[in-house]
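For the sequence shown, position 96 (counting from the first letter as 1) is numbered 96 according to the working numbering, and the numbering increases by one without interruption.
One or more hints might be untrue.
Label-pair distances were calculated between CB atoms; the ranges are [said to hold, decoys possible]:
id : residue 1 : residue 2 : range
1  : A31       : T107      : 18 to 24 Å
2  : V146      : L97       : 26 to 32 Å
3  : S147      : Q71       : 37 to 43 Å
4  : G18       : R70       : 17 to 23 Å
5  : M1        : S147      : 15 to 21 Å
With a straight-line cut-off of 20 Å between C-alpha atoms, the simulated EDC-like cross-links for lysine to aspartate or glutamate are [what the hints assert, rightly or not]:
id : residue 1 : residue 2
6  : K9        : E98
7  : K100      : E34
8  : K9        : D48
9  : K110      : E98
10 : K110      : E34
11 : K100      : E144
Calculated from the structure, these hints are not laboratory results. Just so you know, these numbers come straight off a predicted model, no measurement behind them. Even for Gly, the Cβ is constructed at its ideal location relative to N, Cα and C.
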Amino acid sequence: MMPPMRIVKAVAQALLGGTLAFAGITHLTVARQEFLAQVPDWFPIDHDFVVLASGVVEIGLGAALLTMWRQPARGLVGAAAATFFVVVFPGNIAQWLEHKDGFGLDTDTKRFARLFFQPLLVLWALGATGAVGTVRGLLRRRRERVSG
């Protein structure tokens, strides 16, 4: 029988994978305009391209989270998802600072409150996949190979 915490992590990973895949699909289809609100005005790359590219990345991360169940791949995918959440965080900040509406975030208070959910996504990706332990282990083995 699988230990309860392992089941919780597997369910959390599957939910995150499904959520990312769904969000990525909506980047390319029904929510494209909403996601444009999260691209900062100052960002030098075509905003529609950014939305489409981030959608493709989300679909890829979601698919990987739904299919990678063995370490170290599982942890590396979790680390990649956490990194993605960190990379897109400036878009959330810009949405608040630039007073852009999107996804029902139509007040500065709502946009500001949204900022506190991004770190939770990072923790979700790291915790559900065991990413921290995986990356630590890989780095330790690499140091041992280099020094030994």
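Pairwise beta carbon distance, M1 to S147, judged against the given window 15 to 21 Å: violated (41 Å)
Restraint check for K100 with E144, where alpha carbons must lie at most 20 Å apart: violated (49 Å)
Distance restraint between K9 and E98, which requires alpha-carbon spacing of 20 Å or less: It is violated: about 37 Å lies between the C-alpha atoms, which goes past 20 Å.
Satisfaction of hint between E98 and K110, Cα-Cα up to 20 Å: holds (13 Å)
Outcome of range test on Cβ distance (G18, R70; 17 to 23 Å): holds (19 Å)
Pair hint K110 and E34, alpha-carbon separation not exceeding 20 Å: holds (15 Å)
Restraint status (C-alpha distance of K9 to D48 at most 20 Å): violated (34 Å)
Status of the given 26 to 32 Å range, CB of L97 versus CB of V146: violated (43 Å)
Status of the given 18 to 24 Å range, CB of T107 versus CB of A31: At roughly 20 Å between Cβ atoms, T107 and A31 fall inside 18 to 24 Å, so the hint holds.
K100 paired with E34 [C-alpha distance capped at 20 Å]: holds (10 Å)
Verdict for S147, Q71 (Cβ pair) under range 37 to 43 Å: The hint (37 to 43 Å, Cβ to Cβ) is violated, given that S147 and Q71 are roughly 23 Å apart.
The structure fails to meet hints 2, 3, 5, 6, 8 and 11 from the earlier list, while all remaining hints are met.
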